[in-house]
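Hey, can you work out the whole structure from these sequences and the hints?
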Amino acid sequence: MESVLGRYRNLTILVGVLFLQVLGLAVQVKRTANAQSTRLIRVWTVGAITPFERLFIRAQDGAENLWHNYFFLRGVRAENRDLKEQIETMRLQQVRLSEDATQAHRLQSLLGFKEQFIEKTVAAQVIGSSGSDLSRSIYIDKGEDAGLKPDMAVITAAGIVGKVWIVYPSTALVLMINDQSSGVGALLDNGRLQGSLRGTPDGELLLDRVMSDEKIAPGDTVLSSGGDQIFPKGLPVGTVIKVSPGHEMFLSIKVKPAADLSRLEEVLVVTEKQEREPAVSDSGDRMRAADILAQRLPSVPDKPAVPAGTVPAAATSSSPSVTGSSGDNGLTVGAKPPVNSIQKQTTGNSPAGPVVAAAANHPAVDHSLPQPAPVAGLPVSGDALKKTVQKTPSTGSLSAVPKNPAGSNAASPANPAAKPPANTAPKTLNPAAKPPTTHSAPATPPSNPQPAATDDNPH
Amino acid sequence: MPITYTSGEQIEVYRFSIPVTVGVPLLALFLQAFLPRRIFSIFDLPLLVTIFFAMARRNPISGLFTGAAIGLAQDMLGPYPIGIYGIAKTVVGYGASSLGAKLDVENAGARFLVTLGFYLIHTAVYFGVARYMVNLTLNWSWSRGLLAGLANAVVGVALYYLLDKFKQRT
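In the order they appear, the protein sequences are chains A and B. Our numbering puts the first residue of the first sequence at 1, with every later residue one more than the last. Our numbering puts the first residue of the second sequence at 1, with every later residue one more than the last.
Simulated from the structure, these hints should not be mistaken for laboratory data. Remember, predicted model here, so these are calculated numbers, not experimental data.
Rough simulated footprint, nothing fancy, chain A against chain B, three-plus residues with beta-carbon under 8 Å:
(1) 60-67
(2) 74-85
(3) 91-98
(4) 121-135
Sample of chain B residues lacking proximity to chain A, with all beta carbon distances greater than 12 Å (derived):
(5) Val-20
(6) Leu-31
(7) Leu-103
(8) Ala-110
(9) Gly-117
Positions of the beta carbon are idealized from the N, C-alpha and C atoms, including for glycine.
In structure tokens:
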């Protein structure tokens, strides 16, 4: 080695001097990306370290996959059978919950509330941590190239993880919610109390700013409130594990994170979220419960096209499944096209359209399935919604989805907060939204109360 | 303009007094900084001084340190991170002194070509560092680079004759 260095002494010194200058430059130069500047030396260090971490993680995953997916398959058949049964059960639940959600969205749109939706996520793999005991942060294998930006929410299926802190070209540093410099707007599901969740130097989570006279018990669920403008509202944050008196008049609430922050492998980065009023007739990605039911239940074949403008005829075209006429084979699945065409024909571009369409579709739901029972553990009365509305007026959003069971008269006259604004009332109380009386009515009157638009109508 | 290959024994190594070693680069930096940019921006006097000292001393280590020192000093006068000129002139200093140790660069023709070549190398290294490391927006132009290289080579040959007066035989 010495002889090599001696032989190439000049070259070695040149490389050394150049290296020192490059290092000096790297310390000075800051890479600016997305209004955030990072020293070049940090970018380089991360760039030099993370490929090895990535390689190691991939090798580890490969070995694990090989073992779990090819060798260790004991009990897989039984598990598969159980899972299939679970899927069937959950499908039924999904139908029920979708119906609840549809109604909740309708109510939210009546109230003019806005809700944040997760539009786009990027899946990323955890490839390492900051390597410091003082900070709770992780490196993920996606960065600026994948569209990541600072302050994007990082979540898992279990709950929120943290936010993107520093973005590098192909990696990103995520500050976890249990870091002491982290803060999350949180909401107690039971009681809808708002607070601020922060990490401690020990890596624990504390919920702050909750008055000491509030009743909070271990086991209560903590959700994101959306107030921090990073995490969309309603994502699981954790559960309360200990409540003790804090300083001044506040409680000190210890929270166990919903996501296992010490064993993260894959995470989702929310790259796009949108704030909009939930619309019942939103024909985007989400499927309405009525459509789901229409796809799964027997129905008659499509009827011949109805002349435009004949609202009653179009409205009745949704009722074949109401009357239960089986048509030729009785198993024609997919009544969605007629449903959509009904919407177009009956509602046009009117703002009351979604409500009208939903009202027109509802008999199909009510008669094809038994009345959806309220989801266990959720309140059934409209008072729940009232309470929610009163508790969270400032956030401008209403997480009424779990609070509002199907068929409940959530926007009842007893609940003034849930009433539609005066300017929207004429639209929602459009006669077209009423159950058809002068036109061809469903053969069997609906056994289920009509949706909010019609229930709201005192006339 | 012959460039003759010479053995180590045939090449004379020069040294300079401390005032010249310090004063000439400082003067070059001063002129570079204070001469009207509109007219003299094409010239790089510190580079010419670096090449001269490197070729005269014919010691790569001395050459690279001379280049590094002059380059870093030039960086300090500018608004950009320190080290861009430093790196470029270190490379030039090392290259020029290595070349000076192997070739006879005493005649005008050789000096002209060496200066032109190292000007282009200097510009390329500067461009690479400034563009890809510091993220400065620069555009490479061969025509401008060649023209500036020729101009610097002409001035360099004249300057070297002037600076030859300060050479001291070892």
